[in-house]
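A.B. asks: In case you want the letters, here they are:
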Amino acid sequence: MTSTIGPSTAAALLLLPLAGCATAPPEPQGLAPPRRPITEFLRPGETREAANPIAIYDPFERTNRAIYKFNAQFDRYVYLPVVNAYTFVTPAPVRRSVSNFFNNLEEITTFTNSVLQGKVEKASPTLFRFIINSTVGLFGLFDPASHLNLPRQDEDFGQTLGYWGLGDGPYLVLPILGPSNLRDATGLGVDLGTDWVLLQQLPSDVRDDIFYDLLFWGLWPIDARYQIDFRYHSTGSPFEYDLVRYFITKSREVKIRN
Amino acid sequence: MTRPSVALDPSDGCHGPSRRQLLGMTGLLALGGCATSAGHAPASLAPADAAARAAPFPFTNPWVATVVGTPAELRAVLPDGPAPRRATLEQFPGRAIPEGFWYYDGGLTYSTLLQERPAPLVFVIAGTGADDRSRLMILLARTLHAGGAHVVLIPSPSHANFIVTASSTFMPGNSEQDAADLLKVMDAIRHRLAGRIQVTRYDLTGYSLGAWHAAFVARADAARAEPIGFDRVLLINPPLNLYHSIQQIDAMLYKGLPQGIDGLDHFLSRVTARLAYAMGPTDPLDFSGQDVLLDLYRRLQPSDESLATTVGLAFRLSTTNLIFTSDVMSRSDYVFPRGQEFRSTTPLGDYLAVTLRLSFVDYFDDLFIERYAGGGLTRQDLIDRSDLRWIGGWLAGQKQIGLITNADDVILAPGDLDELREIFGERAWVHAYGGHMGNLAFWPVVEQISGYFTA
Numbered sequence: 002m003t004s005t006i007g008p009s010t011a012a013a014l015l016l017l018p019l020a021g022c023a024t025a026p027p028e029p030q031g032l033a034p035p036r037r038p039i040t041e042f043l044r045p046g047e048t049r050e051a052a053n054p055i056a057i058y059d060p061f062e063r064t065n066r067a068i069y070k071f072n073a074q075f076d077r078y079v080y081l082p083v084v085n086a087y088t089f090v091t092p093a094p095v096r097r098s099v100s101n102f103f104n105n106l107e108e109i110t111t112f113t114n115s116v117l118q119g120k121v122e123k124a125s126p127t128l129f130r131f132i133i134n135s136t137v138g139l140f141g142l143f144d145p146a147s148h149l150n151l152p153r154q155d156e157d158f159g160q161t162l163g164y165w166g167l168g169d170g171p172y173l174v175l176p177i178l179g180p181s182n183l184r185d186a187t188g189l190g191v192d193l194g195t196d197w198v199l200l201q202q203l204p205s206d207v208r209d210d211i212f213y214d215l216l217f218w219g220l221w222p223i224d225a226r227y228q229i230d231f232r233y234h235s236t237g238s239p240f241e242y243d244l245v246r247y248f249i250t251k252s253r254e255v256k257i258r259n
Numbered sequence: 503m504t505r506p507s508v509a510l511d512p513s514d515g516c517h518g519p520s521r522r523q524l525l526g527m528t529g530l531l532a533l534g535g536c537a538t539s540a541g542h543a544p545a546s547l548a549p550a551d552a553a554a555r556a557a558p559f560p561f562t563n564p565w566v567a568t569v570v571g572t573p574a575e576l577r578a579v580l581p582d583g584p585a586p587r588r589a590t591l592e593q594f595p596g597r598a599i600p601e602g603f604w605y606y607d608g609g610l611t612y613s614t615l616l617q618e619r620p621a622p623l624v625f626v627i628a629g630t631g632a633d634d635r636s637r638l639m640i641l642l643a644r645t646l647h648a649g650g651a652h653v654v655l656i657p658s659p660s661h662a663n664f665i666v667t668a669s670s671t672f673m674p675g676n677s678e679q680d681a682a683d684l685l686k687v688m689d690a691i692r693h694r695l696a697g698r699i700q701v702t703r704y705d706l707t708g709y710s711l712g713a714w715h716a717a718f719v720a721r722a723d724a725a726r727a728e729p730i731g732f733d734r735v736l737l738i739n740p741p742l743n744l745y746h747s748i749q750q751i752d753a754m755l756y757k758g759l760p761q762g763i764d765g766l767d768h769f770l771s772r773v774t775a776r777l778a779y780a781m782g783p784t785d786p787l788d789f790s791g792q793d794v795l796l797d798l799y800r801r802l803q804p805s806d807e808s809l810a811t812t813v814g815l816a817f818r819l820s821t822t823n824l825i826f827t828s829d830v831m832s833r834s835d836y837v838f839p840r841g842q843e844f845r846s847t848t849p850l851g852d853y854l855a856v857t858l859r860l861s862f863v864d865y866f867d868d869l870f871i872e873r874y875a876g877g878g879l880t881r882q883d884l885i886d887r888s889d890l891r892w893i894g895g896w897l898a899g900q901k902q903i904g905l906i907t908n909a910d911d912v913i914l915a916p917g918d919l920d921e922l923r924e925i926f927g928e929r930a931w932v933h934a935y936g937g938h939m940g941n942l943a944f945w946p947v948v949e950q951i952s953g954y955f956t957a
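Line by line, the protein sequences are chains Z and H. Going by the working numbering, the first residue of the first sequence is number 2, and it counts up by one from there. Going by the working numbering, the first residue of the second sequence is number 503, and it counts up by one from there.
Treat the hints loosely; a few may be bogus.
Here are some chain Z residues the structure puts well away from chain H; computed CB gaps all over 12 Å [as the list claims (entries may be wrong)]:
1) Ile-57
2) Ile-109
3) Leu-149
4) Asp-196
5) Gln-201
Interface residues of chain Z toward chain H, partial, derived using beta-carbon atoms under 7 Å [stated by the list, open to error]:
6) Arg-36
7) Pro-54
8) Leu-183
9) Ala-186
10) Pro-239
11) Arg-258
Keep in mind the hints are simulated off the structure, nothing from the lab. Keep in mind that this is a model prediction, so the values were computed, not measured. No residue lacks a Cβ here, since even glycine has one placed at the ideal position from N, Cα and C.
Take the sequences, apply the hints, and build the full model.
C.D. replies: Quick look at the structure:
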């Protein structure tokens, strides 16, 4: 599973206000402990948080969990049916080219953030990729650069902030966009803002075209979901929220280190 | 890649283009026992490359085999076909399901891969903690479907979906109770498919815990007034004694974790650090590749202890899911307070911390015995009944039940293999290498499984 975070789901940001509805009733207090309580397993001086080997700082857990459920339901009733319809009506090579096209646009984000981290070894292949795929690859519809031993890199502003020492902050589950944290959500906002500013540089007759709207408000979010294999509750674990939280956080850690 | 069960799920049944070739089944055809052919014999599943066809299974280290599985070039080449279709089954209409399990509101999810003409129907039971979408299940479905059979994939009774929606007692692991629940599911699916497809006979298979279940299902079915009557049953890498295998698996977990789960965060952060290092600065791992695990293995060069712990952890995660789900559903007040409601918003960190530290043996001693002992049954009786030897005499006399396993299967305790050979005699086909399920995608094994049902 890759992170569901990506500037490619710009349209979904519209739904952010929904987060406000997601408050959960408080759990009853003062319950008798079960037969095997956590206290049985704590070593001297150990906190309950420390006893959970995959704990992540998550002060808004109940709200996050409510949004996780909302996202799973949105996936089930809206997002996946749309993606399945898209898969049904398009042949595989077309979908491949659609993904290539949007991935090519994301090279701009990767390039900018590679530069911001002083990573020449990532910035230069990314620049060459963008030039080759935008020209020989027909506006990014094809990916000849990958055949020239120029593999795709992945950098974003969240990683840049992490690279310069900023911590994760609290774990956040963003509506539609999925698991994140305060640092990466901020980074995502900056990346999307940058994309928006860049897109404003296109001639106005392009931006006023209905095709432009369909591309960025329709096809982009569909392709973004199409590219992610993750399916909610396919782990078969009642602890899926905890597992996803841990693996997303660790995978971001690995990305920041690289 | 956050599939936590990745180590249990090593062999990706991949695929490649369909390369239909001349029938090259050699002596494997004879394995079927009786020679009445109902399905059509498929073309050879061997790779096109001659060197790959001549190669033995590459990993003689059972830990590597279990975790890495079969390298892509040695996997069976199955023809392209439709994907299994999922459906849900409400076994207990009106059962109160806690809101925390809201996503199981449709009931038990199973899959079918059907033929358009009359054909045998094979039920496939998943392994520990696996459901109908596990890669091994998909591999078996494609193999059997390519051999001309209708295929029905059923989640393991140890999977949370089964416990919540299809278990009568919420407490899996009891051979008789699980078999009864599975038969009810099979009957319901049979009933639902009647009229839609034509079934010439019924077969049964399963891998790992699913193979163990298949044996007890076959036994329980034969004792019924109106049995399904399985014509061919194949057990793939079953445990001999569930209780003993659990002890083997617990021991694996502690090989690389001398302090137990208390050392897990250290173990995990070491893995993360090595992963970050192995991925390198400008060489991102391609997780869409066919050989991700092999690639990772080559880069990380993990020790046997780490591999054993990885296998043990994958199983531990399955039992963690099982124990928690079982406890919540049965309101046993074991790790989850009885008075608390299980909701999707309930923080679970404390319960995860506890359940991760519990073994299946704890579940057995604390909950299982409470539920199933009594009426003259002791703890030892229950352990004995979790053993294929409990029905060994019957199994030995059933010519239609065969076994495929590996001599180095890591879930078998010392002596277990000989016991399996004793029960199944000439119907036990034992490969030298493959660990636990590591060679399931290896083309000669796939051909053997296919041949068992098509010969």
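A.B. asks: For every hint, state whether the structure bears it out.
C.D. replies: Results of checking the hints against the structure:
Residue placement check: Z/Ile-57 does not keep its beta carbon more than 12 Å from all beta carbons of chain H (closest about 9 Å). No beta-carbon of chain H is positioned within 12 Å of the beta-carbon of Z/Ile-109; the least distance is around 18 Å. At roughly 14 Å from the closest C-beta of chain H, the C-beta of Z/Leu-149 stays outside 12 Å, upholding its exclusion from the interface. For Z/Asp-196, the non-interface assignment is confirmed: its Cβ lies about 22 Å from the closest Cβ of chain H, beyond the 12 Å cut-off.
With a closest Cβ-Cβ approach of about 31 Å to chain H, Z/Gln-201 is found to remain outside the 12 Å limit, as its non-interface label requires. At its closest, the beta carbon of Z/Arg-36 sits 5 Å from a beta carbon of chain H; the interface hint therefore holds under the 7 Å criterion. This hint holds: Z/Pro-54 has a C-beta 4 Å from the nearest C-beta of chain H, less than the 7 Å allowed. For Z/Leu-183, the interface hint is violated, the least distance from its beta-carbon to any beta-carbon of chain H being 19 Å, above 7 Å.
Nearest Cβ of chain H to the Cβ of Z/Ala-186: about 19 Å, over the 7 Å cut. The hint is violated. At a threshold of 7 Å, the smallest CB-CB gap from Z/Pro-239 to chain H is about 5 Å, leaving the interface hint in force. The interface hint given for Z/Arg-258 is met, as the beta carbon of that residue sits about 4 Å from the closest beta carbon of chain H, less than 7 Å.
Violation of the numbered hints given earlier is confined to hints 1, 8, 9; the remaining hints are satisfied by the structure.
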